[in-house]
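> Each protein sequence line maps, in turn, to chains A and B.
Sequential numbering of the first sequence, starting at 1, is according to the working numbering.
Sequential numbering of the second sequence, starting at 1, is according to the working numbering.
Hints in this document: simulated from the structure, not taken from any laboratory.
Everything numeric in this text was worked out from a predicted model, so none of it was measured.
Where hints are given, some of them may not hold.
Which chain B residues face chain A? A few, computed with CB under 10 Å, are given here [what the hints assert, rightly or not]:
{"id": "1", "residue": "S21"}
{"id": "2", "residue": "L22"}
{"id": "3", "residue": "K23"}
{"id": "4", "residue": "Y35"}
{"id": "5", "residue": "R70"}
{"id": "6", "residue": "F86"}
{"id": "7", "residue": "G102"}
In this text, a Cβ means the ideal position worked out from N, Cα and C, and glycines have one as well.
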Amino acid sequence: MIEAIGRRSIAAIEAVGRVGHFIGDMVRALVDIRVWAPLAIVQMRRIGVDSIPVTLFIAAFTGVVLALQASYTFTGAVPLYFVGTLVGKTMMLELGPVICGLALAGRVGASMAAELGTMRVTEQVDALETLAYDPQSYLVLPRVIAGTVMFPMIIAFAMATGIVTGWLTSLALLDLSTPDFLKGLKLFYQFKDVWFGLFKSATFGFTITAVGCVVGLATLGGAEGVGKSTTRAVVYSAVLILLLDAFWAVVLL
Amino acid sequence: MIEFQDLHKAFDGKQVLQGLSLKVRDGETVVIIGYSGTGKSVALKHIVGLLHPDAGDVIVDGQAVSTLDRDGLTELRQGIGYVFQFAALFDSMTVSENLALGLRRRGLGEDEIDERIREALALVDLSGTGDQLPAELSGGMRKRVGIARAIALRPRYILYDEPTTGLDPVTSAVIDRLMVRTREHLGVTGVVVTHDMRSAYTVGDRIAMLYEGRIRQVGSVAEIQETEDAVVRQFIEGRAE
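Chain B with its partners taken away, still in its complex shape (with noise of 0.2 Å):
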C-alpha cells in the first residue's frame, strides 16, 4: 500500500502540496487528476524518492520514504515502475538496452533479461523494435516502450506521469487499454497522474482531484462523474467558468 500522509513540499517559497494526503490500496489503480502546476508529478516523485518533503512523509509497504538510507531507497525502487511524462528512454541506447539496464541492476541472467524483453515489448505491441534508437520511434511508440521499461521489471507499483499527454485521441486509447491491459496481467498497483479525463474514467478504479495542494475529492469514477462539489464539477466538466 501507498500513503500520503500530511505530504508538504515548496519549491523557492512557493507552496505546492499543502497536507496531501491519500491512501492507495494494493491492486487498486488511483487517477490524481488536477490543474496543470498542482503538483501532481511532484507528489509522484516523493514515492520513490526523488524529492524530499518538506514535512508529511510517504508511506510504501510501511516504510517512510524520507526516512530511507541509500541502500534503503535502492531496494525500494526496485519494486516500483515509473513511466515517465515523456517517457526518459535513454537516448544513446537501443531500445533493447533501455529495457534491460532496469533488469541487469536486479541481477538477472542474459536469458532472463532477453525473455522479459521480448515479453515486454509483446505487450505493448512493439514487437521487432528492440534494435531502434528512440530517435527512430514516435512520440506515442517511446511512451510504450517508457511502460515496458516498467512493466519489464514485474513491478508491485507502477506510476504513470502523464501517460497520455501530448497524444493524438486513437493512441491516447491504445496507451489507456495497454494501462487496463498492464493491471489485468501483472495485477500491479497503480498511481495514475493525469487530467485527461478520457484517460481517468477508462484506467482509474478511484479518481482523487489535487487542488490547491491537498485532496479535494476521491471516489470511485461514478462518485467523481455525480459529482456536486463546484471545483470538481468544473475541471471534470472542462468548463472556463
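Chain A on its own, in the form it takes in the complex (with noise of 0.2 Å):
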C-alpha cells in the first residue's frame, strides 16, 4: 500500500516535471519564428476556421435549450425579459467556453493526438530531428500559439450565435418580443462577462493543443498506442478545463 502510494507520488512528480519541461522547451523555440510562424497560420485554418461549423452548430442549439428553459423555470415568478439576461449571461460567461471547449477538446485535442503519435511510432518526429528542425518549433509552437490565438475567436462566434438562437427561440415561443429580450440581455451587462469568457477560451485552447501535443508525442508501440493517446488527450483536456473553469471562477470572478 504505501509502497503504491509511493510510486504513484514519483509518477505524480514526474509528470509535473515533463510538464515543465516540455514548457520550458516551447519558450526556447521561441527564437524559431521563421520555422514556427508560417506552420502557425496554416494551423489557424486548420484548427480555428475548420472548427467553425461544429461550434456553431453546438452553441445554437445551446442558445435554444438556454431560452426554452428559462421560460420553463421562470413561469409565473420572473419577469419573461430575464430570458435574455439568462441567455447572454450563461452564454458568454459559461457554456459559450466551457461546451465548446469540451468539444474541441474531441475535435482539435484527438485529431492533434492523433497526428503527433502517428508521426511519433513511424518515426517521423526522429527524420525531422536529423533534418536539424526542432520538433517544438515545428510540430509543438504552431498548433500551440493557433489553439490559443483562435479559441476565443470561435468561442466569441459561438456566444453570438448562442445568443442569436435564443433571442429568435424567444420571438417565435415564447411570445417575448426583441426589446424585452435586449431589456433583459442588458440587464446585468458588463463588459467583463465578454473578456472573462474569451480569456477563459484562450487558456483552454492552450490546454487542449499542449495536451495534444504532449501526450502525442509521447505515445509508445503502435496503432495501439496511438489509440490511448487520442483517448488520454481528449480526457486529460476535458478533466483540465473543468478544473480551469472553477480555477478562474474562483480568481477572476
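Two chains, each in its own frame: build the complex with the hints.
Next up, the structure:
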C-alpha cells in the first residue's frame, strides 16, 4: 500500500517535471520564429476556421435550449425578459466557452494527439530532428499558438450565435418581444462578461493543444499506442478544462 | 570520424549497449551486423543525439554528442543524413516537399533546392516522382526516396538503418548498388546497420558484429568471411545452431 502510494507520488512528480520541461522547451523554441510562424498560420486555419461549423452548431442549440429552459423555470415568478439576461450571461460566462471547449477537446485535441502520435511511431518525428528541425518549433509551437489565438475567436462567434438563437427562440416560441429580450440582455451586462469568457477560452485553447502535443509526442507502440494517446488527450483535456473553469471562476469573478 | 566510446544504454532496466566501442574512419563504410534487438539502431541514434547515453559517448568530428546543446546538435545534424528503416517520409508531403524540407532548413535558395531535388531523385532512379505522395509509392521506392532525402543534403556522413529489410532480393540489390553509388559519387562516410549479410558484403569496407551490447569482432569483409569466432560464424552463415 505504502509502496503503491510512493510509486504514484513519484509518477505524479515526474509528470509535473515533464510538463515543466515541455513548457521550458517551448519557450526556448520561440526564437525559431521563421520556422513556426508560417506553420502557425496553417494551423490557425485547421484549428480555427475548420472548427467553426461544429462550434456554431453546438452554440445554436445551446441558445435554443437555454431560452426554453429559462422560460420554463421563470414561469409566473420572474418577468419573462430575464430570459435575455440568462441566455446572455450563460453563453458569455459559461456555456459558450465550456461546452465548445469540451467539443473542441474532442475535435482538435484528439486529432492532434493522433497525428503527432502516428508521426512518433513511424519515426517521422525522429526524421524531423535529423533534418535539424526542433519538434517544438516545427510541431508544437504552431499548434499551441494557433489554439491559444483562435479559440477566443471561435468562441466569440459561438457566444453570438447562442444569443441570436436564444433571441429567435424567444420571439418564435415564448411570446417575448425583441425590445424585452434586449432589455433583459442589457440588464446586468458588464464588459467583464465578455473578456472573462474569451480569456477563459484562450486558456482552454492553450490547454487542449498543449495536451494534444505532449500526449501525441509521448506515444509508444503502434496503432494501439496511437489509440490510447487519442483517448488520453481527450480525457486529460476535458478534466483540465473543468478544473480551469472552476479555477478562473474563483480567481477572476 | 565517428567514434563510439564505451557506450552504455539501458531501457526500463534492460541493458542494451554494454560498452560499445568502434571507430568509423573518414571515407569508409562500416556495416554493423547483429541479431534483432541487440541495439544496432540504438547505437545509430546516439550518433545524431536522438538518444542520450547512460555512460560513454559518441564522438563526431571531435565533438562529444551528448554534451552538445540545442544549437550544437542542430549544427551536427546538418552534416549527417539519416535513412530510416521504414523511410519515415512525411506522409502529408509530396516526394519533392520531403526532400526540400531539410534543404530549406539549411537556408538554400529555391533554385538550388529544385536542382538538388532533381539531382538526388535522378541518382536514385526516381526522376518524375516528385509530385507523388509517399502512399502512392512501393516500399522499395519509399526507401529510395529516403536515401534521396539524405543525399540531397550532401552530408559528410550517411547513416542507414536496415536499408534492405522487408524488400525482395532484386529491390535489395538495387538499394545496395545505390549505397555504393552514393559513396563513390559523394565520397561520404557511411554507417550501415543490417542483418542482411549479402548487403553487408556488398556495401561494407569493414564489418563489425554487435553481440551482447558490445563489438564481438570487427574486420574487413574478407576477415569476417574467414572468421573462426563461433558466434560470428553462426550469424554470417545463418545457422540455427
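> For the restraint on B:F86, tell me whether the closest CB of chain A is nearer than 10 Å.
holds (7 Å)
> Regarding the hint that B:Y35 lies at the interface with chain A, is the smallest CB-CB distance below 10 Å?
Given a least distance of 21 Å, the restraint on B:Y35 is violated.
> A closest beta-carbon separation below 10 Å is what the hint needs, so does B:R70 meet it against chain A?
holds (7 Å)
> When the nearest CB of chain A is found for B:K23, is that gap smaller than 10 Å?
violated (22 Å)
> Holds or violated: B:S21 as interface residue toward chain A, Cβ cutoff 10 Å?
violated (24 Å)
> Does B:L22 pass the interface check with chain A, least Cβ-Cβ distance below 10 Å?
Check failed: Cβ of B:L22 comes no nearer than 20 Å to chain A, outside 10 Å.
> Please check whether B:G102 passes as an interface residue: C-beta within 10 Å of a C-beta belonging to chain A.
holds (4 Å)
The earlier numbered hints that this structure contradicts are 1, 2, 3, 4.
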